[in-house]
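Peer 1: Read off the chains here:
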Amino acid sequence: MSAFTPLLALGLDSLFPRGILPYLAGGALVGLGAAVIYLSTGIIAGASTFLESTLSYVSGVERFNRHEYVQSRDWRVVFTLGIVAGAAVWGFVLAPDPGAWTTGVQWWRLLGGGLLVGVGTRLGKGCTSGHGVCGVGSLSGTSLANVATFMAFAIGTAQLVAALGVSP
Amino acid sequence: MSERESALFAPVVFAGGLVFGLGLAVSGMAKPEVVLDFLQFEDLGLLFVMGGAAVVTGLAFFVGTTFLERAPLTGRAYTRRVKAMDRNVVLGGAVFGVGWGISGICPGAAYASVGIGNLPVLWAVAGMFLGAYAQGYARSRLAG
Chain A
1 MSAFTPLLAL GLDSLFPRGI LPYLAGGALV GLGAAVIYLS TGIIAGASTF
51 LESTLSYVSG VERFNRHEYV QSRDWRVVFT LGIVAGAAVW GFVLAPDPGA
101 WTTGVQWWRL LGGGLLVGVG TRLGKGCTSG HGVCGVGSLS GTSLANVATF
151 MAFAIGTAQL VAALGVSP
Chain B
1 MSERESALFA PVVFAGGLVF GLGLAVSGMA KPEVVLDFLQ FEDLGLLFVM
51 GGAAVVTGLA FFVGTTFLER APLTGRAYTR RVKAMDRNVV LGGAVFGVGW
101 GISGICPGAA YASVGIGNLP VLWAVAGMFL GAYAQGYARS RLAG
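Keeping their order, the protein sequence lines are chains A and B. Going by this note's numbering, the first residue of the first sequence is number 1, and it counts up by one from there. Going by this note's numbering, the first residue of the second sequence is number 1, and it counts up by one from there.
Don't read these hints as lab results, they were simulated from the structure. This structure is a prediction, so every number in the text was calculated from the model and none was measured. Cβ atoms here follow ideal geometry from the backbone N, Cα and C, with glycine treated the same way. Incorrect hints may have been included.
Unchecked claim - From the structure, some residues in chain B lie toward chain A, with a derived Cβ separation under 7 Å: (1) 90; (2) 99; (3) 106.
To be verified - Okay, the calculated bits of chain B under chain A, using three or more residues with CB under 8 Å as the criterion: (4) 16-22; (5) 30-39; (6) 42-50; (7) 61-72; (8) 78-88; (9) 131-143.
What the hints assert, rightly or not - A few chain A residues that face chain B, going by a derived Cβ cut-off under 10 Å, partial list only: (10) 17; (11) 31; (12) 45; (13) 47; (14) 81; (15) 92; (16) 101; (17) 103; (18) 153; (19) 157; (20) 165.
Using the sequences and the hints given, assemble the complete structure.
Peer 2: Okay, structure coming up:
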């Protein structure tokens with residue numbers, strides 16, 4: 001830790017109140033999960049296409065029944081169940097304080113924000129994992145543009161919501 | 001599934017998802033509070049989540065496209081994730097960003113949040129399906 005002391009003196013401890021290690025370890029695991037799938041199957045997994053491809057099970061709308069969605073919908077369900085299971089393994093078994101965790105963010109923020117996330121990620125061809133991780137990892141100009149855009153709008157929106165006094 | 005796949009295909013996709021979800025939980029991204037703290041500049045740790053993940057996938061893409069021929073379980077060629085640029089990429093990014101800033105939730109993190117027992121996040125999952133349905137319905141209409 002002594003190597004970090006000069007960094008702490010610069011005030012980085014206030015920028016990272018929860019430390020850096022959990023973030024770095026978590027990020028490396030996210031990348032590793034995507035890498036395992038990629039190297040064994042050639043598939044570049046994003047989390048948001050699941051929304052559209054899963055809708056093809058229950059909707060006749062043409063857009064959801066495109067070949068790429070119908071032929072990938074089964075493994076996308078498997079991938080998503082894996083995500084749920086992996087998070088459960090951490091939350092209920094491996095975490096320092098195992099047990100269910102519940103957000104204090106109000107339901108209307110979750111529903112309304114989720115709605116816009118659903119529209120935006122599908123319109124913009126990807127989300128934080130597709131563009132933000134796999135696209136950036138591919139050095140794709142399209143993904144870098146999408147990430148820069150959503151970061152700017154997310155920061156502006158979150159600051160505005162906080163300034164309006166909405167908490168949590 | 002139309003591709004001729006190995007019996008290992010589904011288990012490997014599940015295992016990859018498991019590690020992916022584990023990472024989202026370890027990093028705190030499955031908690032909207034942590035994401036909102038990042039967006040309000042109170043905790044910049046999320047930079048290391050996306051950065052760390054992108055470095056690891058970037059390495060995998062480099063190894064796959066440079067040294068390997070075809071993926072063992074599917075016979076697919078290795079490619080990079082490069083999508084065409086158009087107005088929707090920026091427009092969609094803006095809408096996504098506003099939604100992320102309001103809720104602190106993005107798709108992968110929302111599924112992971114279900115896994116750590118956060119049942120209120122089902123509101124966000126329902127919202128995401130509604131949003132995806134609305135845009136798909138609208139675009140099918142516009143195209144037809």
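Peer 1: Taking the hints in turn, state whether each one holds.
Peer 2: Hint check:
1. 90: holds (5 Å)
2. 99: Result: holds, 3 Å to nearest chain A Cβ.
3. 106: holds (4 Å)
4. 16-22: Our answer is that it holds, as 7 residues pass the Cβ test (under 8 Å) against chain A, meeting three.
5. 30-39: holds (count 7)
6. 42-50: Since three or more residues must qualify, the claim that chain A covers the stretch 42-50 of chain B holds, with 9 doing so at under 8 Å.
7. 61-72: holds (count 7)
8. 78-88: holds (count 9)
9. 131-143: holds (count 10)
10. 17: holds (5 Å)
11. 31: holds (3 Å)
12. 45: holds (7 Å)
13. 47: Since chain B brings a Cβ to about 3 Å from residue 47/A, closer than 10 Å, the hint holds.
14. 81: Cβ of residue 81/A sits 7 Å from chain B, so the hint holds.
15. 92: holds (7 Å)
16. 101: Constraint on residue 101/A satisfied, holds at 5 Å.
17. 103: holds (5 Å)
18. 153: Interface hint status for residue 153/A: holds (3 Å vs cutoff 10 Å).
19. 157: holds (3 Å)
20. 165: With a closest approach of 13 Å, the residue 165/A hint is violated.
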